[in-house]
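Trainee: In case you want the letters, here they are:
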Amino acid sequence: MSEALAIDALTKCYGDVAAVDDLSFAAPRGRILGFLGPNGAGKTTTLRMVLGLIKPTSGWIRVLGEEDAAKVRSRIGFLPEERGLYRRMTPVNAITFLAGLKGMKAEHARRRAIELLESQGLGEAKHRQIRLLSKGMAQKVQLLSAIVHEPELVILDEPFSGLDPVNQLSLEALIRSIAARGATVIFSTHVMQHAERLCDQVVLLAAGRKVFDGTVEAARKVAPRSVVLEGAFGMDALSDLPGLNGLTLERLDGGVLRIVAMLDPSVPAQVVLGAVFAKGLPMDRFELREPNLHEAFILLTASRSEAGSA
Amino acid sequence: MTHVWKIAAREYSAYVQTVGFWLSILLLPVGFATLTIAPMIMQRSTPAPALAVVDLTSRNLAPEIAHMIRAEAIGAEPPARLVAAPGAPFADASDAARRLKIFLTGSRPLPEGGLLDVVAILRPVGGSVAVDIWSRQVADRSVAGLVSEAVDRTLRRQALARAGVNPAVVAAIDHVSASVTDFSPKAARGKVALRDRLPGMVGLGMGFLLWMSVLTGAGMLLGSVIEEKTSRILEILLSSVSVPEIMVGKILGVGGVTATVLALWMIIAVVVVAIRFPSVGVDLADILLARGLLVYFAVYFIGGYLMFATLYVTIGAFCESPREAQALLGPMMILISVPLMFMGEALTRPDAPILTALAFIPPFTPFMMVARVATDPPLWQVGATLALMAATTALELWVAIPAFRSGALISGRFELRTFIAGLTRRLG
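Heads up: the sequence lines are chains A and B, in that order.
In case it helps, my numbering puts the first sequence at residues 1 to 310.
In case it helps, my numbering puts the second sequence at residues 1 to 428.
Just chain B, same shape as in the assembly (with noise of 0.2 Å):
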């Protein structure tokens, strides 16, 4: 055991020793900050649309364009700017087209400064009204909705108020809408809060941060037993301790520096949660100790990594080069992105019998069953698919231990054949 420990101890030190180390440990912070303030740093940097309504329908439009406009504000910032539309009067929409064109393409700014983005053409068209949106920008709809929707309201209250509908009734049944509460059982006080949704929230959270660590780690685990093999120390390792001793040493360190990177990114976010929205953090406190999640999190980590760890630490010892195994496990990655896909189902579906049942394949356990557990999932399906995944490592290392030796001492590149022979060999 002494060698194992020596083997980890300087595994963990040879990581916690690298730059790469404290950049993985900023890395999501810096990201997730960088998510959070972007939009927020878009919307300031970037001013609103400015917008000219050419209405040519006598209907009186315009007004309730502007009224939408105040209303969809956000803040003091609204999603449009209104400015009178330049050489106005206009014969028709085609005139009103091609004499605002020379504004829109940028060539000519507005008399009060600044360039045009968009015009809304409003024409009568039979009974109805068409709009026309010319934009600066051909993917800019910001505010095509808008105006449509202002043009909807407009043209319904004018019509109730031709068939004989007060205005003020009208107006009234504008504002009538249905109040609607969430209830569950699962709710603690039966009506569902925040609270209640947190845990959910947070397993998907721990279902992508897991996927992302357990890989990281396994990543990580591959490029030292490459780097090894390739510098011909796993031959000196081999002549020192066993075989189960260099795997288990190299997998308890670098688990350990996975560990920590995930430890320091907790207590980040716990700090954030803390100083940012105190209310929350008590409830995420509550859900992550008393309900034990922290724990149902750490006994995923730890399988999970040691299942994707074995089999990462076999591969490597059979690749000569990174390109190499990222060759092998280009594939595998395809099939191991494929909880990526369900986890998001498991927010508000995490029953669903496709998540269950995924939850019981070895190398989904992990994070769909952590992804899942909003739903508590029966103490059964935690020990049973516990159990697989111990039975899927123990199998990996039963096939792993004398892939590995082999793996370490041949020169040249990974060969299915040699692999299946030492597999072969196992099983005779």
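Chain A on its own, in the form it takes in the complex (with noise of 0.2 Å):
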């Protein structure tokens, strides 16, 4: 039982629309897996029906080894896309009331609070109420009552949304920290730099289907890679050199032209540039850019948009 979530032809209709559409992964346990895709992919559903809010149309689902996930509850920890806790309460109590919940003792839950909190940096704000803390401070007291009970599996919902750059930084030491301690992070989003920066694995979905799954590594491999030509020519004297496509092109100062070109995956870069010098060009530049997870969403989410389209 080395999966933390098993997933296998999970299908969620509503009405004649699909907003799952037979998807299966899985995640291993005690690794951070980023769940992406563009907004209406379906990342929402599939997570809410992991943990059982929803039931799927057909698909099966095993969560900590379990069928239903109501039986693992107290294992789950889970932070909703749109947050919330309540306004006049202080995180402490907030926090306690969420653990006691998921079946934590009083007392412990308290002190377990107030340990996070301060090594959270919030130790001074733990008695305020809530409605009084910045947006970021709140956003990350429900992130710790998700956490506060050591769940074994974490299931963030785009948990760096309406967080400013340094907080995004600091949850993403926070999830580290939880997968760490050997726990599973399952985090939808579509910013690919959290992932590219965070993920061992990451699912990339498109309207309800899965259309990758593999590590970020394997993910980038799905783009092209590209090259960057700097120098005094035309464009004329670049249409024969070997395995460039989809040419786009900028004028420098000096009559300089910057070309970036995408990069056939059969032709070495080294063969370009041999090319570039056989014909003499009076190149300034030459960079090979290794594809980023970006560029790879933004193809495999537009092929699986033209599929469905079509």
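Hint data in this document are derived by calculation from the structure and do not stem from the laboratory.
Mixed in with the good hints, there may be bad ones.
[Said to hold, decoys possible] Here chain B is said to cover these stretches of chain A; the calculated rule only asks that three of the stretch's residues, wherever they fall, bring their Cβ under 8 Å from a Cβ of chain B:
id, segment
1, 66 to 78
2, 85 to 91
3, 221 to 232
Because the structure is a prediction, the values reported are computed rather than measured.
For every residue, glycine included, the Cβ atom is placed at its ideal position computed from N, Cα and C.
These two chains come separately, so use the hints to put the complex back together.
Mentor: As structure tokens, then:
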């Protein structure tokens, strides 16, 4: 039982619309899994099905070894996409209350809540009403209430939305620390940089269907590499260079041209560079760029959209 | 069950810590005291109207009016203060009206001070008397009846005297009246006393109190669910506990708040009655405790509260804002207000067929049954109405649990189609 979550052929339909369509993937224990996709891809619906909040139309889910998520609720921590807490409660009381619902004894929950708040720099605010806290602080309190009971599986739905860059980095550190103690973290996002920095595995969803499942590295490889060429030459000079397509150009000062082109995966970069030298082009810069997750995301979701509309 | 108590405890403490809770405790006794004291304050702060009588009939009617005003005095406070008509004598009614108008408009005060409020001009018409009442305030009819009755009585006496009836006999006849005593087989000693009427009065009062508290409690619950839904707390709760646990916990928590408010109101009422009306207090305690009205009231309070609370919680789960809930509840409030129109009837005719029939309509049951308590409704009626309420609540819960789950996760306006689709799925 090495998987914290296993999903097979999961489908959820609302009328004739399939919000999630034949989705299968597994999240190994102790890993950070990014659940990626554009808005409306079906991420929240999937996470709600995993939590047992809504029933799938068909398919099968196993969470922490159980088919019924209700049986393992106390071992799961959840942060919903749209966040809020009891505005008139203090952080300590709110975390203690929600920990109590996860089965923690009140005294223990209270002690742990104070520890967590202090470790996250919220010690001074722990007895202040939540309505008086900043948005970032309140979101942090809510995240702490999702992990206070040290769950084996932490599900975070768009945890970075609404946070400033400093708080985003602090949240990334917190997610890493959760995984470091052996918990599995699944978080949904449409901001690829977070996934790129944090995830061991990414599952990419578009229009309800899975379009990728694997490591960040493997996802990047889906997108082609690109080359950047700069020099005082015309576009004509590049026409017979091998392996370049999708050219975009930009005119720089002094008659210099910058060209960014997709590199055909079958053509090594050295071949292009060799061809440039062979033609004697006055080149100032040649750069080989590895694709990032964002580019892979755009490519994968676009191909799915085309397939969907075809 | 632990989760239910935790949710209930949070709900309870969240309300008890608010200013609104303490205000609601104080509001009813303060309102009740104001209602009791206000007429007294009004009477004391408003001087008796100044009345001038212009008698143009030569029948000597003014002394009878003065006598009547003295007779109608409550304590030291007469219903009117007789003043001399300034500028008398007058040629005729129109002369009096014309010359006294300046005093009635308030432009000129009376010679003895103050303003003239009412002028009664008594003028001969054929063999009888006509009374013209001129008032400073258009709507002031406070002394018109008094003057008219005094004039009628004097005219009757004078007619009888002219017919040769001895004035002493007329005066004696004026004082003749039958002694009426109320009896009822339901009265403890046959003769109806305040103690026998108390259950009906208490029942009616409790009916209104029940209506107010049940709907207030259910309204609080509605607000709480909407707040939790809009702030997405419900989604967090749903990931930790089941829908029935959330619903029952919230219903119990707010029910506890409502019961606390009611209990505190009752304690305040008991203290006030014990101090102000000790003899009534003993009878009241006997009715509430020995005759079991308190238990009767508690049972219908619980039944009514559960029925309405379940309904309101479900509606709350489908609403995004209090305004949306208000729009939805508006028509429902008209229906729920029906018992208020009939409960007053229960005081005099608690066994009227219409009241019995209304008591069997579940949304009206708790209020109508409590208001009808004076009839000692047969046990089968109590049992049947309680069973109907329980069945209604069970049906509501059956519909409400999946509806609550679906409503709690939906963002946007309440849609009847969504609600009915959920219900159809449940039935399917």
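Trainee: If a hint holds in the structure, say so; if it doesn't, say that too.
Mentor: Outcome of the hint check:
{"no.": "1", "hint": "66 to 78", "in the structure": "holds (count 5)"}
{"no.": "2", "hint": "85 to 91", "in the structure": "holds (count 5)"}
{"no.": "3", "hint": "221 to 232", "in the structure": "violated (count 0)"}
In this structure, only the earlier hint numbered 3 is contradicted, and the remaining ones agree with it.
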